[in-house]
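If you read the sequences in order, they're chains A and B. Heads up: the first sequence runs through residues 1 to 165, numbered per this note's numbering. Heads up: the second sequence runs through residues 1 to 338, numbered per this note's numbering.
These are computed hints drawn from the structure, not numbers from a lab. All values derive from a computational prediction rather than experimental measurement. Fair warning: there could be bad hints in the mix.
So, partial list: chain B residues that the calculated Cβ filter (under 8 Å) puts toward chain A [to be verified]:
hint : residue
1    : L91
2    : A104
3    : M109
4    : T142
5    : Y143
Stretches of chain A that chain B covers, calculated by requiring three or more beta carbons in the stretch to come under 8 Å of a beta carbon on chain B [as the list claims (entries may be wrong)]:
hint : segment
6    : 59-73
7    : 89-96
In this text, a Cβ means the ideal position worked out from N, Cα and C, and glycines have one as well.
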Amino acid sequence: MRLGESIVVSAPPELVWEYLEEPGNYLHFMSGVTRWEVQGEQRSGLGARYRMLIRVGSAEVGGLIEIVEWNPGRDMAWSSLTGVDQRGRFRLRETRDGRTRVELRFQYGVAGAGLVGWLSEWVASPTLGSHLRRSLSQLKRQVEHERLRAEAARRRREREGAAAS
Amino acid sequence: MADPATFGERATQNGGSSHATQVHSRAFSDRLAPLGAATRAGGAFTRVGGSVAEAGKTIAGGLLGRAAEWAQEQLTADLDDRDPDYIRENLPLAWLAATLWYRAEVRDMGNVPEQGPVLLVGNHSGGNMSPEVVILPLAFSTYFGVERAFYQLAHNLVLASPVGPFLRRYGTMAASHEHARRALASGAAVLVFPGGDWEVHRPSWERHKVDFAGRKGFIKLALAENAPIVPVVTVGGQETALFLSRGAWLAKLLRVDRSLRLKVLPISLALPWGVNVGDLLGHLPLPAKITIEVLPPIDLREQFGPEPDVDEVYDHVTRVMQETLNGLAAERRFPVIG
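Using the sequences and the hints given, assemble the complete structure.
Next comes the structure, spelled out in structure tokens:
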């Protein structure tokens, strides 16, 4: 089963990417995710591994995932190594007005599970779709909030600099 | 590490298909060996295998005896019967049952230590169609991955039933001290229900009571293997039917307590049978909401000293489980609905 949602964030792609590349942020904005832990030495980038779990119905589902595509400011994709089969992707594209369209794609399933597997994917899809939408809303809120804070800090520094001179 | 007879040698032999017959016969004798000394641990683990064969021969001669021998063969002790791929492919089915039928909620699975042997000790409910035996392995396998070995101990008659071969692939083993010891020694997590058939068939009005019937074998097991105990408390299972009586008196009356070592012959009102005596064919459980809470691990020697008193540990474990069950019961507003 493949799901996808998108949202426009009022910030440039670099700022959104900066937020996405920090693994510590995922528990703050990814809805339903109960664990997103760095596994190994590498914190981010191509080949970084995480143990992630997401609550779906009666279970926390997930496993070990690895970043398989890392194109700063544009694309980040992961694939599962253990647990339920999954692939995910953040796709960032700049809009004409300088904002960022963020698309979150998520594919999941259990190979070999047959008809029952398909049924469970179908039953899980509303919950997961809702998680994706909420995750993007929270990402937008967090990034835009960060942007406002950064701009406020810049203005404060400018005022302080002007007052000092 | 695991018993080399179970893993090392047999893995090698299994690799050579020309020795399949020898391997099978060896596997069979390996399996029977622990059964001879099977299942003492505080009474939680019952010895049925040999006695089933004896009883069958006594009661109805050769035919029943052969059936009993077949049943005995099902009581495998082989850890290799657990099949991670099979478990993984069947996770969706278990997830559907847990999510849609039981609306199950499992809390704090993260309390289970990330690695090493661990003994999960649960209260048991729901008769022979116990919901937690589906929900807990699902929760464990999705949380830690099917790669982490997880075994469950079940009554021998369950494994001797037609679903026994499927259960063995899930990691279910006949309840015996030896089987549990082997699994823990291999570094696996093991789930036991010390209350066994006594607790699982308790009347519905005792649904919020932890009743291990004084069985303390799990503590000796944890001490012997130096494994932490993780209590697991379930509420809701005893609402999947109306359990009227354990039927201990009926088991005595029909003498199955002697012939089949069945201490209980439960009586319940359950779908689709109506009055259900024995629950041997199972029943259709009501879709009661099941909530499971996993408690923090108890390191026995750290908490009770180098030589823990078994009675003290038993009181502690059952007390914290009962307190948790009381809390979970207080959250429920209606039976079945939750």
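Hint-by-hint comparison with the structure:
Given hint, B:L91 at the interface with chain A, holds; its Cβ is 6 Å from that chain's nearest Cβ, closer than 8 Å. Interface restraint check: B:A104 against chain A, minimum CB-CB distance 4 Å, threshold 8 Å, status holds. Nearest Cβ of chain A to the Cβ of B:M109: about 7 Å, under the 8 Å cut. The hint holds. Interface hint status for B:T142: upheld, as the beta-carbon distance to the closest one in chain A is roughly 4 Å, under 8 Å.
Checking B:Y143 against chain A: minimum C-beta separation of about 5 Å stays under 8 Å; hint holds. With 6 residues having a beta carbon nearer than 8 Å to a beta carbon of chain B, the segment 59-73 of chain A meets the requirement of three or more and the stated coverage holds. Under the rule that three or more residues need a Cβ within less than 8 Å of chain B, the assignment of the segment 89-96 of chain A is violated, with 0 such residues.
Consistency with the previously given hints fails for number 7 only.
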